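There are 2 protein chains.
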Amino acid sequence: MIKVNDPALKSWVDVPGDSDFPIQNLPFGIFKTDNLPPVAGVAIGNYVLNLAYVHERGLLHGLELTPGIFNQLYLNDFFRLGRKKVREVRDRISELLQIGNDELKSATTALDVALVSMYKVQMLMPVQVSNYTDFYSSEEHATNVGSMFRDPKNALLPNWKHLPVGYHGRASSIVVSGTSIRRPKGQIKIAGTDTPVFSASRKLDFELEVAFITCSETLLGESIAVEDASNHIIGLVLFNDWSARDIQQWEYVPLGPFLGKNFASTISPWVVTLDALEPFRVEGPKQVPPVLPYLNISGKNNYDIMLEVLLTTGAGEAVVISRTNFKYMYWNIFQQLAHHTVNGCNIQVGDIYASGTISGSSSDSYGSMLELSSNGQKPLVINNAEERTFLCDGDTVIIKAYANNGNVRIGFGECRGTILPAIEH
Amino acid sequence: MIKVNDPALKSWVDVPGDSDFPIQNLPFGIFKTDNLPPVAGVAIGNYVLNLAYVHERGLLHGLELTPGIFNQLYLNDFFRLGRKKVREVRDRISELLQIGNDELKSATTALDVALVSMYKVQMLMPVQVSNYTDFYSSEEHATNVGSMFRDPKNALLPNWKHLPVGYHGRASSIVVSGTSIRRPKGQIKIAGTDTPVFSASRKLDFELEVAFITCSETLLGESIAVEDASNHIIGLVLFNDWSARDIQQWEYVPLGPFLGKNFASTISPWVVTLDALEPFRVEGPKQVPPVLPYLNISGKNNYDIMLEVLLTTGAGEAVVISRTNFKYMYWNIFQQLAHHTVNGCNIQVGDIYASGTISGSSSDSYGSMLELSSNGQKPLVINNAEERTFLCDGDTVIIKAYANNGNVRIGFGECRGTILPAIEH
Numbered sequence: 001m002i003k004v005n006d007p008a009l010k011s012w013v014d015v016p017g018d019s020d021f022p023i024q025n026l027p028f029g030i031f032k033t034d035n036l037p038p039v040a041g042v043a044i045g046n047y048v049l050n051l052a053y054v055h056e057r058g059l060l061h062g063l064e065l066t067p068g069i070f071n072q073l074y075l076n077d078f079f080r081l082g083r084k085k086v087r088e089v090r091d092r093i094s095e096l097l098q099i100g101n102d103e104l105k106s107a108t109t110a111l112d113v114a115l116v117s118m119y120k121v122q123m124l125m126p127v128q129v130s131n132y133t134d135f136y137s138s139e140e141h142a143t144n145v146g147s148m149f150r151d152p153k154n155a156l157l158p159n160w161k162h163l164p165v166g167y168h169g170r171a172s173s174i175v176v177s178g179t180s181i182r183r184p185k186g187q188i189k190i191a192g193t194d195t196p197v198f199s200a201s202r203k204l205d206f207e208l209e210v211a212f213i214t215c216s217e218t219l220l221g222e223s224i225a226v227e228d229a230s231n232h233i234i235g236l237v238l239f240n241d242w243s244a245r246d247i248q249q250w251e252y253v254p255l256g257p258f259l260g261k262n263f264a265s266t267i268s269p270w271v272v273t274l275d276a277l278e279p280f281r282v283e284g285p286k287q288v289p290p291v292l293p294y295l296n297i298s299g300k301n302n303y304d305i306m307l308e309v310l311l312t313t314g315a316g317e318a319v320v321i322s323r324t325n326f327k328y329m330y331w332n333i334f335q336q337l338a339h340h341t342v343n344g345c346n347i348q349v350g351d352i353y354a355s356g357t358i359s360g361s362s363s364d365s366y367g368s369m370l371e372l373s374s375n376g377q378k379p380l381v382i383n384n385a386e387e388r389t390f391l392c393d394g395d396t397v398i399i400k401a402y403a404n405n406g407n408v409r410i411g412f413g414e415c416r417g418t419i420l421p422a423i424e425h
Numbered sequence: 001m002i003k004v005n006d007p008a009l010k011s012w013v014d015v016p017g018d019s020d021f022p023i024q025n026l027p028f029g030i031f032k033t034d035n036l037p038p039v040a041g042v043a044i045g046n047y048v049l050n051l052a053y054v055h056e057r058g059l060l061h062g063l064e065l066t067p068g069i070f071n072q073l074y075l076n077d078f079f080r081l082g083r084k085k086v087r088e089v090r091d092r093i094s095e096l097l098q099i100g101n102d103e104l105k106s107a108t109t110a111l112d113v114a115l116v117s118m119y120k121v122q123m124l125m126p127v128q129v130s131n132y133t134d135f136y137s138s139e140e141h142a143t144n145v146g147s148m149f150r151d152p153k154n155a156l157l158p159n160w161k162h163l164p165v166g167y168h169g170r171a172s173s174i175v176v177s178g179t180s181i182r183r184p185k186g187q188i189k190i191a192g193t194d195t196p197v198f199s200a201s202r203k204l205d206f207e208l209e210v211a212f213i214t215c216s217e218t219l220l221g222e223s224i225a226v227e228d229a230s231n232h233i234i235g236l237v238l239f240n241d242w243s244a245r246d247i248q249q250w251e252y253v254p255l256g257p258f259l260g261k262n263f264a265s266t267i268s269p270w271v272v273t274l275d276a277l278e279p280f281r282v283e284g285p286k287q288v289p290p291v292l293p294y295l296n297i298s299g300k301n302n303y304d305i306m307l308e309v310l311l312t313t314g315a316g317e318a319v320v321i322s323r324t325n326f327k328y329m330y331w332n333i334f335q336q337l338a339h340h341t342v343n344g345c346n347i348q349v350g351d352i353y354a355s356g357t358i359s360g361s362s363s364d365s366y367g368s369m370l371e372l373s374s375n376g377q378k379p380l381v382i383n384n385a386e387e388r389t390f391l392c393d394g395d396t397v398i399i400k401a402y403a404n405n406g407n408v409r410i411g412f413g414e415c416r417g418t419i420l421p422a423i424e425h
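If you read the sequences in order, they're chains A and B.
Letter by letter, the first sequence follows residues 1 to 425 in full-length UniProt numbering.
Letter by letter, the second sequence follows residues 1 to 425 in full-length UniProt numbering.
Hints are supplied without guarantee of correctness; some may be wrong.
If chains are identical, the list can't say which one is meant, so a pair holds when it fits in one copy or spans any two.
Computed cross-link-like contacts, DSS-like style, restricted to lysine-lysine with a CA-CA straight-line distance of at most 30 Å [as the list claims (entries may be wrong)]:
| id | residue 1 | residue 2 |
| --- | --- | --- |
| 1 | Lys-85 | Lys-300 |
| 2 | Lys-300 | Lys-3 |
| 3 | Lys-286 | Lys-189 |
| 4 | Lys-105 | Lys-32 |
| 5 | Lys-10 | Lys-84 |
| 6 | Lys-153 | Lys-189 |
| 7 | Lys-10 | Lys-300 |
| 8 | Lys-286 | Lys-161 |
| 9 | Lys-120 | Lys-189 |
| 10 | Lys-3 | Lys-84 |
Since the hints were derived computationally from the structure, they do not count as laboratory data.
Quantities reported herein were computed from a predicted structural model and do not represent experimental measurements.
With the rest of the complex left out, here is chain A:
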């Protein structure tokens, strides 16, 4: 049997050359159509394989999946089966979709029920988010922000290279790609004044991030060893941690970001499995000073994933405003999870752990408007026509990502949101 990540593998489903979803990817998501209630699916080319239907037809026999496991609003119960079982399902789907395999076609007279055109589906939240944590693990981003708001000579705080700094965010306000984002209102303090005013945010921003999702439940008091962390992570999604910089700036001392962040975060709908990303593992930056033993892990623990941010202003074309790579992250996802649990904090299925803003070292690789425009000092010019410091109403931000090692390219789809004006009242 051909291995599921083999670049030579081809599907009998037509997959365009630039597709994010070749047979080597097979990410999981939840979708619905006009005729179909929410069910689990797998992306293949421009189609979504209806897992509920495939399961009903008996094509996943031998995998001991409970009936209805794919007829749910979220993937939590499926992911709870663990990495090994999810891998078996992905392996079997790969088999079903390979050229030469006609099991699916012969099991149904309604192939369009099993394989739904992506243009006919609405993607929903893949998981019910149990808990959400945001890290701050890009050295370039932390340095940029520290330089702007504190001291360029000591941009990184003393703890930064010793532990992956993180904080808790709001789980309830994480939405799926395509959901419009309402400009938040709140307290902001105008420079040179003494008292805050109540206003719509004037410094609305995006943050380019990648997040991992957990597939296990630990008991309070247990820790996850850094070498074991990969067994608790099912896959990755793209993440936009929308931020109102003016609200954040006034509120965040001393307990951290709150209303400047919790009005919304957007995730991409397809959970790209760590299994699919296995060929794209690379070594991360050398960590100096050396980390404490509980964070020590050798080998290829970063992922080579190209990241792009596109901006559409009103009627204009989408323009790439930033390009960077997930591989530059100083702290990797295994260190993040080991750190998060070293004190006995328990994890749950469907937790989302975001990377923090990902910035590269050059000014066209920054992961936020805050950095791209030097906190509004240097406007970006879009399409040689418009300027942007922060986001305007009607702007659309799209994050895209793909891994490409020359042999195969697997993508993440989109993480998209359009800014709506603040509610008047």
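On the provided structure of chain A, position chain B as indicated by the hints.
Relative to chain A, chain B alone:
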């Protein structure tokens, strides 16, 4: 019909004079026994009224409750019915338990199934915690901490009197009273050294807090007006936000507390309804400077609830180490909820919003060991025998609370936890 909060009301169930649970209280919780799976109950004296049984016997007829609403692991679905419906249920239970009412007795031959001795039950988490936020709303606490860690002359930061400062905490690690608390390990930095070490926390602390629980779901983008906030809050519980001060101190800049807090928080099992607390509403401290209009609410919006912290060291007697009152809070719960949602952040049923540490103005009214011992400088003497700066293994912290206006006394039960030694490895 006698009103449910009338001090003259008496139950046919025997209620000792010092009970937390007279007929004027009737808090909701989830309990189980050796013979009974988890079900919803109401505390009355030293008994728990089995709501599932009462509902099955048809004694809640006319209230249009779905079958099985009380046979669940959590109260979320019940609370989701909203304040009005929960009030109707409480009113009906009051009627059933009043002297002269024999409906319950005549509907059953097994009164000990309907009314279970409190000594035979195990209390469980009352709600599945959807999201958890912690505020920082006691002026005395914020002043004490600001003086110790920043500047005694400017102890309160500039934003503190303009908005209820808050941050997100970890929902997964909230446990019910009685659960033992494992001393956390993590990175700490010893004064005078350059690099952190990995160690069990040496500065383990409690935090005396009160939390409210929400009973509604709002849409992303919606705000809750401060005058409407009470319709979204079902009741209060006691809350101990265990804290590892040394871990917190090293990690918390710039994004706030994380592993220093998320190893555990404890709540009391009985949700005391805002309806039961209605007679104990009082005016809060005058807010100067005036708050912005969206936070402006007049009248009695604080609650007069006496709070006590008791400490048991090993084999000793429990000793009261702090006494204060919830009525001193600078920011009230309605302002907290209005602020939290003013940016459009959505709330969910079963969210927990804690007050932040509650301290009074005198040194015997502080809500944490950090304050009681001046960050370890002035040990507390316990039972004229032992000294404590922070918590030792084997120590038990118990928070108690009651409201007493001279006519009636309603209590919260206990919020208790015992410190276990850190795991060796």
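Taking the hints in turn, this is what the structure says about them:
1. When the C-alpha separation of Lys-85 and Lys-300 is checked against a cutoff of 30 Å, the pair qualifies only within one copy, where the shortest distance is 24 Å, while the shortest distance between copies is 56 Å.
2. For the homomeric pair Lys-300 and Lys-3, the shortest alpha-carbon distance inside one copy (21 Å) is at most 30 Å, but the shortest distance between copies (69 Å) is not.
3. In this assembly of identical chains, Lys-286 and Lys-189 lie within 30 Å of each other by CA distance solely across copies; the values are 23 Å between and 40 Å within a copy.
4. In the homo-oligomer, the alpha carbons of Lys-105 and Lys-32 lie at most 30 Å apart inside one protomer (22 Å), although the nearest pairing across protomers, at 51 Å, exceeds that limit.
5. For a Cα distance limit of 30 Å, the shortest separation of Lys-10 from Lys-84 inside one copy, 24 Å, qualifies, whereas the shortest one across copies, 60 Å, does not.
6. In the homo-oligomer, the alpha carbons of Lys-153 and Lys-189 lie at most 30 Å apart both inside one protomer (26 Å) and across protomers (22 Å), since each shortest distance falls under that limit.
7. Taking the shortest alpha-carbon separations for Lys-10 and Lys-300, only the intra-copy value of 27 Å comes in at or below 30 Å, while the best inter-copy value is 70 Å.
8. Taking the shortest alpha-carbon separations for Lys-286 and Lys-161, only the intra-copy value of 11 Å comes in at or below 30 Å, while the best inter-copy value is 45 Å.
9. Taking the closest pair of Cα atoms, Lys-120 and Lys-189 never come within 30 Å of each other, the shortest separation being 46 Å inside a single copy and 56 Å across copies.
10. Proximity of Lys-3 to Lys-84 under the C-alpha cut-off of 30 Å is restricted to the intra-copy arrangement: shortest distance 15 Å within a copy versus 59 Å between copies.
In this structure, only the earlier hint numbered 9 is contradicted, and the remaining ones agree with it.
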